Structures are given as structure tokens and as C-alpha cells.
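Asker: Given next are the chains, with one letter for each unit.
Number of protein chains: 2
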Amino acid sequence: MINTLFLPELRDMIATGKKEEMREFCAALHPVRTAEFMEGLSSSETWQVLRCADNEQQQEIFRHFDGDKQISILEQEDRQEVAGLITKLAHDERVDLLGEIDEEIGAELLELLPAEERRDILRLKAFPEETAGAVMTTDIAKLDESLTVGEALQELGRQAEDLETIYYLYVVDKTDHLRGVVSARQLVSAMVHPETTLATLMETDIIVVDSMEDQESVAQTVARFDLLAIPVVDPERRLLGIITHDDVIDVMREEATEDVQRIAAVNPLNQSYLRTNLLTLSWKRGVWLTILFFAALLTAFALDGYRDIFGRVDAAWLVLFIPLVISSGGNSGSQSSTLVISGLATKDIVISDWWRIFRRELAMGLLLGSLLGIFGYICAVILAPSPMAALIIPITLLLVMVCGTTCGSLLPLLFQRLGLDPAMMSNPFVAGIVDILGIIIYMNVARALI
Amino acid sequence: MINTLFLPELRDMIATGKKEEMREFCAALHPVRTAEFMEGLSSSETWQVLRCADNEQQQEIFRHFDGDKQISILEQEDRQEVAGLITKLAHDERVDLLGEIDEEIGAELLELLPAEERRDILRLKAFPEETAGAVMTTDIAKLDESLTVGEALQELGRQAEDLETIYYLYVVDKTDHLRGVVSARQLVSAMVHPETTLATLMETDIIVVDSMEDQESVAQTVARFDLLAIPVVDPERRLLGIITHDDVIDVMREEATEDVQRIAAVNPLNQSYLRTNLLTLSWKRGVWLTILFFAALLTAFALDGYRDIFGRVDAAWLVLFIPLVISSGGNSGSQSSTLVISGLATKDIVISDWWRIFRRELAMGLLLGSLLGIFGYICAVILAPSPMAALIIPITLLLVMVCGTTCGSLLPLLFQRLGLDPAMMSNPFVAGIVDILGIIIYMNVARALI
Chain B
-19 MINTLFLPEL
-9 RDMIATGKKE
1 EMREFCAALH
11 PVRTAEFMEG
21 LSSSETWQVL
31 RCADNEQQQE
41 IFRHFDGDKQ
51 ISILEQEDRQ
61 EVAGLITKLA
71 HDERVDLLGE
81 IDEEIGAELL
91 ELLPAEERRD
101 ILRLKAFPEE
111 TAGAVMTTDI
121 AKLDESLTVG
131 EALQELGRQA
141 EDLETIYYLY
151 VVDKTDHLRG
161 VVSARQLVSA
171 MVHPETTLAT
181 LMETDIIVVD
191 SMEDQESVAQ
201 TVARFDLLAI
211 PVVDPERRLL
221 GIITHDDVID
231 VMREEATEDV
241 QRIAAVNPLN
251 QSYLRTNLLT
261 LSWKRGVWLT
271 ILFFAALLTA
281 FALDGYRDIF
291 GRVDAAWLVL
301 FIPLVISSGG
311 NSGSQSSTLV
321 ISGLATKDIV
331 ISDWWRIFRR
341 ELAMGLLLGS
351 LLGIFGYICA
361 VILAPSPMAA
371 LIIPITLLLV
381 MVCGTTCGSL
391 LPLLFQRLGL
401 DPAMMSNPFV
411 AGIVDILGII
421 IYMNVARALI
Chain Y
-19 MINTLFLPEL
-9 RDMIATGKKE
1 EMREFCAALH
11 PVRTAEFMEG
21 LSSSETWQVL
31 RCADNEQQQE
41 IFRHFDGDKQ
51 ISILEQEDRQ
61 EVAGLITKLA
71 HDERVDLLGE
81 IDEEIGAELL
91 ELLPAEERRD
101 ILRLKAFPEE
111 TAGAVMTTDI
121 AKLDESLTVG
131 EALQELGRQA
141 EDLETIYYLY
151 VVDKTDHLRG
161 VVSARQLVSA
171 MVHPETTLAT
181 LMETDIIVVD
191 SMEDQESVAQ
201 TVARFDLLAI
211 PVVDPERRLL
221 GIITHDDVID
231 VMREEATEDV
241 QRIAAVNPLN
251 QSYLRTNLLT
261 LSWKRGVWLT
271 ILFFAALLTA
281 FALDGYRDIF
291 GRVDAAWLVL
301 FIPLVISSGG
311 NSGSQSSTLV
321 ISGLATKDIV
331 ISDWWRIFRR
341 ELAMGLLLGS
351 LLGIFGYICA
361 VILAPSPMAA
371 LIIPITLLLV
381 MVCGTTCGSL
391 LPLLFQRLGL
401 DPAMMSNPFV
411 AGIVDILGII
421 IYMNVARALI
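Quick note, the sequences are listed as chains B and Y, same order. So the first sequence is numbered by this note's numbering: it starts at -19 and just counts up by one. So the second sequence is numbered by this note's numbering: it starts at -19 and just counts up by one.
Put simply, identical chains are the same to the list, so a pair is met inside one copy or across any two.
List of simulated lysine-lysine pairs, BS3-like, C-alpha gap at most 30 Å:
1. Lys264 <-> Lys327
2. Lys327 <-> Lys49
3. Lys327 <-> Lys68
4. Lys154 <-> Lys68
5. Lys(-2) <-> Lys49
6. Lys68 <-> Lys105
7. Lys49 <-> Lys105
8. Lys(-1) <-> Lys49
9. Lys105 <-> Lys264
10. Lys68 <-> Lys(-1)
Keep in mind that the hints were calculated from the coordinates and are not lab data. Just so we're clear, the structure is a prediction, and the values are computed from it rather than from any experiment.
Chain B with its partners taken away, still in its complex shape:
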């Protein structure tokens, strides 16, 4: 059945209403692949196939459609059937989805859901974006601590199909306070002693996150402790939900992309590049470009103060090296700031390392500056009126690169120290600052040597 030309057969099944065949199609392959085979269908055709699928398969396939198809199915198909689908979706995903569809339709669908599901959706919706609460799911295996291993396994067998993950079982008291956690592995190992109670088996030193914690720090905790899922609790340590490994992977990708965009001075996009509309995109880029533009304007005014130097006939050659001086400083600064920003993001670097970092970057600037200085001198001899005057270039390059590496490394640390996002001290921003300093250094070295 694996066939890239599957659309005609699917359309034929739809036209002739072969429900059983459509059900089988939905069950035959991995849901991700099934979703891919249905990519070519319109959203109403898709729904005609999908509504024949079994419960579990229906939601698994649906969650792998792209966002547009999901939204148009929710908005356009039979409300009652769609409400049925919504009850089956993962609790975290359906909240995101309902947030994206037409508000009126969303309200109608909410009305059609059982009261408990509706309350759950409204509760999750209340958490601010990018917090643990907004990412968590509430379909978890909660078990009472008085259960035995045998009872727990039976209970789990009953619930397993509806749960997003069964790999950790959360043990709670009567009022939902988290008391411990038992892994499926421990439960299976303990099968030979079915009378053991969960209370004796469970781990009590549990890693939890608060529902208001930022999603990036949640992802870091999960990675650090190699967890499959992490419980989310309220300040009274009541279990609210869990965040599972797949959500963590999504968060990490999202945050990595955001960091890269910030480093290049683009305000993080909420959607993929091609879906972001042009006005939003110009806004997210334009803000920074304008700020950087005004920073760069300062170079014009800085240069203006040195007209007495490069305005002289014997010093006009200095102009030729302006772009070179500026870009060398900017590039070394970008390298330093990026290394520090990514080191801070992976926690390889902490603020208290600043003195070590400063010494390293100073050494790096001296080393790389000397290297480029030598190259620079060779070229300057060709373009400058005398070998003595040509010395301006290597001296400037050395100073500018030291300035680039030290500013580039310390500025993100300073931002971190001030509680700001170090990635805001982006490459272009560092380069902009180094540009101005570079011009001032260049012209003063020239003044001293001419």
C-alpha cells in the first residue's frame, strides 16, 4: 500500500463511500506517513477519510497534518464530529489549536464538549505563553499511594490508551499533592512482588517545575536530568500536568531558532519564514535595522571630526582602508559575542567566568590582530606613500581587533548580568559599536603617525 500515487485510490474510496477501506488505510501505516499520503487531498476530502478512522488513529494522523489543514477541518466540518475529535487530541495541542481558529467557531465547539474537557481547556488557556503551564498536558497517570503493584498495573492497563505517556506514574495524595513517582520500568521489575505498595516503591526526590517557569529553562532541566517527562506543579506542589519529551524537543528547536534570529538582529518570528507576512517581517527586521542605522550614523559624525586628517592629499589613501578596519573589528567581535552567547545558552559559561573570558579574548585579540596586522602591513605598503605611513594599518588592526574581541565577549555578559537576554547583544549590534570605536582608533593612530 506504500505508494506515492495513492491519491486516486483515496478519491475513489471517497466517491464510492467505502468506509471500511478508508478505515483500513488509516490503520495500515505509521500515522506520520498516513498524514503525508493525505497531503494532496483538500481538507474536506481529508476529513471524509479521517472520520472513518478508529479513535486513536484518527487523532494520531490529525496531529501530523499541517496547521492550515487542521484549522480548516475544525472550522468547516460538522461541529459535532469535530468536537468528538477534539476530546481525543492531546490536551496541550488542542488548546493551541483552539487558539488559532475563528473565535466564534471556537466558542461553539467549546459548548459541544463535555463539561470536564471544557474546564480543562479553559484552565490551560489561562497560562501565559511560553510558560510550563502553557506547554504541559493534563492527561496523566495519577495513582493513589496506597495501591499495590498489581493494582497499579491493572489500572494502567485500563487507562493506557488514553494517556499521552505511561512511562512515569505519578503518585498523589487525596488532594492531588505530588508524593512520588514510579517509572514503568520499576513497576515491570516489581511484577514478581505484586503486593508491594506504590508508597514503598516510589522515588520521592522528584524533579518538578513550577507552572509559571519559562519553557526554555524547563527544557534545560529535562535535558540535564535525562527525563522522559517532567511534572508541573503549583506553588502548593499540587500536580497540574506533565511536559513530555516530544514537547521538550519542540521547545528546544523553537528556542534555538529564536536565538539564531536574535544573534542576527531579527526579532524572533512566531511562524516559519515563508508564512510570516511581509509587513510583520519588515517590522521585525526594520526595528533593529533602524536602531543599527542610527548607531552607524555616528560613524559619519565621528569621521567628520577627522576631516583635517584624511582631507590631506598625502593621507587620502587612509580612506581606502576604512572598510577593512571596520569589518575586521566587526567580524572578530561577532565571533566573540556568538561564542559567549551560545556558551551562556548551554550553561558552559556563567557570569562569574567573566575575568577568565576577558583574559582569553584579550589574548585572542592580540594573537589574531598580530596575524592580520602582518597581512595588512604588506598590502598597506603598496597603497601608502611610505613604509612608515603604512605602519598605521597594522597598529590600527591590532587595536581594533582587541577592542572587537573584548567588547564582543563582555557585552553579552553585561546584558546577562542586567537580567536582559544576552542574545540581544547581537552580532550587528556588537559590530556597530566596534565600528565607531574602530574609526576613532584609526584616525587617532593616523594623527599620531603622520
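With the hints as your guide, set chain Y onto chain B.
Answerer: What follows is chain Y alone, placed relative to chain B:
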């Protein structure tokens, strides 16, 4: 027992040889936390505590030590005891570790391991770095397809403690060919029918990766299919091992950091920033800085060709705007290249989108260029001899920014098309190219208008 001042007590236990207390200490907390409490101990002190721990805890705590401590324990402590520890470590991690210690000691330790473990290590070591084979682990639950659910659960109960993950059970034939996969969830749900065989329960449309596949593409597959682990097979589809979710998270972090470093024109570091020695660091940065330096030198020669223009007294003011023109082009180019590179990395963009991307970036360049052009004209009027001459600035800015956005977006696509890493078309590289084009545009616009 949770106490940051735990070191005195630990040292006291070591001095008085209280083995039972040390065993209890190792069992009391989450292994990550236990490892943290031992950070202050020397590696020989650490080992004196750790050797008292139970098997499972011993390896769990050990794997959370930092690399230096792990290596010095392996190199300096009793060979026989250390060999015992090695047999307990995750199969993928111990191979990495043995690759880092002194070769002679490594060979001695290998001799002390049981033959089967030794063969396993040598087999894993043979895979090239950053391939699926090098990341996978070989301690997996392989089950015969003729087993029933009841038998499988019992078998699993026996093996559970030694396996890295029990969340998927891999069903193989007599010669290890992968036939299907059963999740722990399915097994638990099927407990009510213990006579069902695995052959009827298992999924047969399995997502696998080849052992030679690149780790980045493995991570993408795992993320796409939301898997907890992915089986690694040879070309005959024999099951070699699995890659688990925690390794995938590590790979994703590593790759994200590498991408960020490439974008800033630093050859990816193999270690964290502070551990990389200065010479390696200068090499990884110096290579690119030198290449970029020679690219930037072209700007000097390009400018040299226009001495007739900026050498004129009435045109000397043009020099003031050189840094501004260059940095505006470079910044818009960096933004575009970063958006395209990160879009390619997350698969939001594919090469065939190039025409759409080109049109978007053209529009973006015109829009942002006009905006900055207006700002630029206002400032140019102040510094230029006449409002007419000042027009050079907005016209140049518009053209340079269009050039920046279009080159910045198309160059990474071109690299991808040529089979190269698009992240090599780094921000400074794009900026370097746009710098030269910027100078040429600027001087020609000036020539036309003066």
C-alpha cells in the same frame, strides 16, 4: 540530607571507612543531585564514596560527573574495580569515554572486560563520528516474535534493570532481522489477554535509520515522528542498536550550537568554549577571519579605483558615509541569510522555494531600503554641500539594501544546492560580499550624480 555543606560529612565517612553510610548517601537522592554534591571531592575521594554504591546507582551517578572527573577515575583507580564499572555503563557512553582516556590504560581495561562486552565496544568504536552507529546504544530489549504477552512481560521484568530503555520492545527473527516493534504501552494494554503473541500485536511499519546516517538527520526523524527511541539497522535490516531520546536531545543541542558558531564564521568547537585551548580557538577563528580579511581587502582596491571621485574637494564628504553604507548592506544581508539558514535547518524552507524567497527579499529590500533612505537623506543634507548631492545617499542605501537582502537569501540556497552546508555562507561572509558590492554601487551612484 539535602545540604550544600555536605562535603565535611562525606570526608568524615571516607576517613572512618563507613561503607554502609556512603552506600545510603548514594541511594538517597536523584543521581544528578548526588553527583552535584560530590563535585567538591577530589576524584579519588569521589571513587571511595562511589565504589560503595549499588550497581545501578553507581553508574547513574558516575555518568553525571563532568568529563575530567570521569577520566581521572578511569585512569587512576583500581583497574579491576573500574572494569566492573565499565560493564555497567550505557554502551554508547562508555565507548566515548574509553576514546578519551590514555590509550595504554584503555587497552588494559579492555583486556579486563568479559569477551562479549569487549567485542561490543570494538564494534561501536568502528563507526565514524557523528553517524547513527556512533551514537547508538546496544543494550536493547530484543524479543522473539513467538513470545506471548505474558511471557514478554516476564522476560522484560527480568531484563528491565539492565536496559537503557524498555519503552519499545524490538521483535526480531532468529538472525536478528527487525520484524516489528511493540511499545510498553501496548504490552500493558494487552495484559488482559496474556495469550496474545507479539507477532499479532506488533507494529510492522517501523521507522528505522541506517547505521551510517548522519546524527543530525536522525535527530530530525525522531523529532518528526515523536519517538522515544529509534532502531538502528544495517543494510540487511539487522537490528544493531537504538538511539534514545536523551541522546537525540544532546545531538540537537550540539548541532544548534554548531550552526550558531558557523553563522558567526567560527569553525564549530568540539568542546565547550572555556575548555578549548587558545591555539585551537585561534585556529578555528583565524581561518575564517583571514579569509574574510582578504575579501575585505578587495574593498580597498575597489575604492582605489575611485580616487578621482572622493579625492575631489567637493566630494570628500562622501567618505563620511562609507561605514554607514557598508554596515546597512551587511546588516540586511545577515538578517536574510540567517532567516534562510535557520529555515533550511528546520525544513521550513526547501530549495525549490527560491523564487518565492527572492521575491520576498526583493520586496523587503525595497521597503527597508526606502525607510532607511529617508532617514539617510535627512542626515546627508546636513553633511553634503547641496541637497542635490545628498541624494546620492538614499539612492545608494536603497540599492545596497536590495543587494544585501537578495544576496543574503540566495547565497545560502546556492550553497545548499551545491551540496555544501548553507551555514558556511555565514553572516560575515555575506557581509563581506555585500561590502564590496556596496562600495561599487556607492561610487557609481556618486559618479553619476556629481
